[in-house]
Amino acid sequence: MAFKLFDYSLIRSTKSKYCISVSNSVTIEKSYALDCVLDGDGIYEKGCVSFIKCVNGTAYNIECHNGQVFNSITQDCDDPKVVPKPCGNIMDCTLKDDGHYPDLDMGCHSYYTCNSGTFLGHNYCPAGLIFSPENGVCDWQHNVYFPCGLKPHPPTTAKQDSATDVV
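Just so you know, we're using the UniProt record's numbering here: the sequence shown kicks off at 1 and counts up by one.
Zero decoy hints are in this set.
Straight-line Cα separation of at most 27 Å, DSS-like style, residue types lysine-lysine; simulated pairs:
hint, residue 1, residue 2
1, 85, 151
2, 96, 81
3, 85, 46
4, 46, 96
5, 96, 151
6, 96, 85
7, 46, 81
Estimated spans, in silico, between C-beta atoms of each pair:
hint, residue 1, residue 2, range
8, 43, 66, 17 to 27 Å
9, 127, 35, 11 to 21 Å
10, 45, 157, 39 to 49 Å
To be clear, the hints were calculated from the coordinates, so they are not data collected in a lab. Just so you know, even glycine gets a beta-carbon here, dropped at the ideal spot from N, CA and C.
With the hints as extra help, turn the sequences into a complete structure.
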């Protein structure tokens, strides 16, 4: 079940007397991806365009809209211009193929997605991992090629041109 909310609206949790404050046009839906009973109430960053808010043991998936991203300082959706990297760093995807790209400014600990020339946002790699552009997944640094990882690229061999041996 999803709710569309605008400008500092409140949604009441069906399990409690408390309200969840949201702002900046977000979509909220009940989330089952996090165990709020074990993890406790609070805000849990999920990516640059969404986060999970736990209230009294219930997880709510909150998605930012209208070009806004998650601001880890205010713990809410915000204008990317005032949000620290990587979420506040909008990448130019106009000349890029669809896919995932390492964020070199963040040491490849995050990556961003381009689709049809549009920047869709950043995602974080799990702790201790970096993004591997060759495999399109987060991996250990020793398994990832430079410049993200420590692994040197294999040497390239020039192809022999048989046309140069013409008499």
